[in-house]
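I would like the entire structure built from these sequences, with the hints used as guidance.
So the sequences go chain by chain: X and E.
Numbered per our numbering, the first sequence spans residues 2 to 248.
Numbered per our numbering, the second sequence spans residues 3 to 313.
Keep in mind that a hint or two might mislead.
Straight-line distance between alpha carbons at most 20 Å, and here's what the computed SDA-like set of lysine to any residue pairs gives [what the hints assert, rightly or not]:
1. X:Lys99 to E:Ser313
2. E:Lys204 to E:Lys237
3. E:Lys288 to X:Ser165
4. E:Lys288 to X:Ser138
5. X:Lys81 to E:Glu300
To be clear, the hints were calculated from the coordinates, so they are not data collected in a lab.
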Amino acid sequence: MAIIEIENLTLALNGKNIIAKLNVEFWEGHVHAVVGPNGAGKSTLASTIAGLSGYTDFEGEIRYNGESLKGMNIDERARKGITLAWQEPARFEGLSIKSFIMASSRENDESLVLRVLDDVGLDAEDYMHRSVDRTLSGGERKKIELASILAMRPRVALLDEPDSGIDVESLERIFEAVDILKRDGTTVILITHSLAVLNRAEHAFLMCDGNIIDKGTIDKISKYFEDRCIPCDHKNMPNKAEIKETV
Amino acid sequence: MIKDKQLVDELYGNTESPHVLKDPDTAHLTIHHDEVIGMHSVPGLNIDTNKIEDGIEVNVKLNKGVRIDKQVHLCFGMFPEKGIQKIVMDVDIGTNSYISLLAHCIFPFAVDVQHIMDANIRIGENAKYKYLEKHVHSPRGGVKVIPKAKVNIGRNAEFKTEFELVKGRVGLIDIDYETFCGENAVVEMLARISGHDDDEIKIRESAYLEGKNARGALTSKIAVRGRARAEIYNKMTASAPFARGHVDCKEIVQDDAVATAIPIVEVHHPKAHITHEAAIGSVDNKQLETLMSRGMSEDDAVDLIIEGMLS
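In structure tokens, the structure reads:
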């Protein structure tokens with residue numbers, strides 16, 4: 002069953018269509034990957050679903066559980082269960098990791114902080130009183146952002162480039178956290194141009210030039226992506242006949 | 003000596019440390035309006051008070067070589083809605099000594115109250131002096147806090163101070179601290195204040211790094227909302243070799259509030275070095291949207307970001 006349905010979504014930034022008449026569905030409780038080269042519009046799609054400022058003035062329709070998200074602010078969407086992990090997470094000077102994670106949770110339960118930090122492979126004793134600031138590495142910040150999402154227990158988690166700036170070992174912990182989200186019934190949408198991340202999904206969508214140009218199994222999409230999209234100057238876009246053949 | 007136990011208890015009831023008065027090894031001084039209502043000292047620390055018009059003159063002398071490990075508690079405040087409290091302090095910290103003071107300034111019902119502090123502080127060679135000032139004000143503001151201090155920091159000595167409004171509204175806070183650092187001396191001053199409505203925050207802090215290797219850090223973390231105003235003038239001068247310092251001002255501005263930061267750095271010696279950084283602006287949008295995307299309202303997210311910055 003689709004939890005997010007997108008119909009004819011068009012979004013322009015600075016007068017240029019970044020997403021153009023895009024149609025896609027994401028299924029409840031499944032892990033999806035939206036893959037494509039840089040500039041394809043993947044992050045814009047995630048930002049539009051999450052409702053970031055500057056991404057709310059779209060044409061078409063985005064429905065969440067059948068309800069239109071048009072005119073709904075980022076926090077309203079979040080309270081309904083939609084959240085986003087940024088490619089480059091924000092830093093918060095002076096704000097403790099504990100407070101940051103607690104802010105995501107509806108439960109006032111300190112043990113939750115310990116658990117979610119453990120889930121992402123961070124020692125709570127070492128981390129919970131540190132600040133979410135520049136003293137943390139990029140990988141640590143990614144893990145802490147993911148811990149805050151685990152604490153939130155969202156229904157839809159959009160993870161933008163979850164592997165960027167982190168090492169192989171940390172990436173495994175990120176994947177384990179994705180497994181936890183799935184186990185809890187969260188719909189996960191991985192935004193990526195990494196084959197390693199793509200391989201953790203159940204369904205894949207290939208995005209190019211502001212549209213979904215193909216969808217299907219991981220094998221099918223990863224092969225196409227590997228063979229023809231890197232490097233991408235949009236000359237390798239499949240023609241209509243080719244899409245029909247592969248879908 | 004506790005002259006009015008009930009009043010002392012009521013004043014300390016506004017702090018996080020009401021139990022300290024029971025400890026015979028903890029020195030304390032409590033002044034309500036223009037009267038000393040509690041005082042206790044420990045060996046090596048002499049506290050002498052005299053009544054003056056609208057206030058109290060306090061003379062503090064820490065003997066040479068005395069180390070007071072337990073934080074000394076000062077409580078200055080007044081419960082009446084109107085009035086003036088003037089504290090004139092003369093502080094003499096002996097060489098090779100150490101003291102840390104926690105001053106609570108309590109004005110929970112102020113409508114038209116002035117709290118004026120005028121301090122002259124001398125810190126002897128190799129001595130360390132810490133002064134943490136925590137304010138509790140009325141939720142209506144209604145208080146004008148005007149602390150002024152001149153601090154001479156001797157060779158190898160340290161002066162560290164923090165000013166924080168922990169509860170209530172600013173009203174007017176007008177800080178004017180001037181410090182002079184000798185050879186290898188250290189000065190660190192930090193102010194953390196959040197203002198709203200028509201609150202007014204003025205900070206003038208100066209550090210003169212006059213001795214070789216003297217070090218200084220002047221830090222202001224300010225948040226203003228509503229129609230509040232903040233003016234931060236931090237000045238640091240280095241006039242000796244290897245003197246080094248940093249002036250840092252961060253201000254978050256919301257609504258119709260206005261914030262001004264004027265860092266002045268002067269270097270009078272080619273081997274001295276001072277840096278400064280001032281950042282004034284609204285709450286960072288990415289921080290805000292991160293918290294909102296976890297379900298927080300915009301107002302709650304702004305509060306949390308400011309709380310973090312001021313912590």
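Could you work out which of the previously given hints the structure breaks and list their numbers from low to high? none
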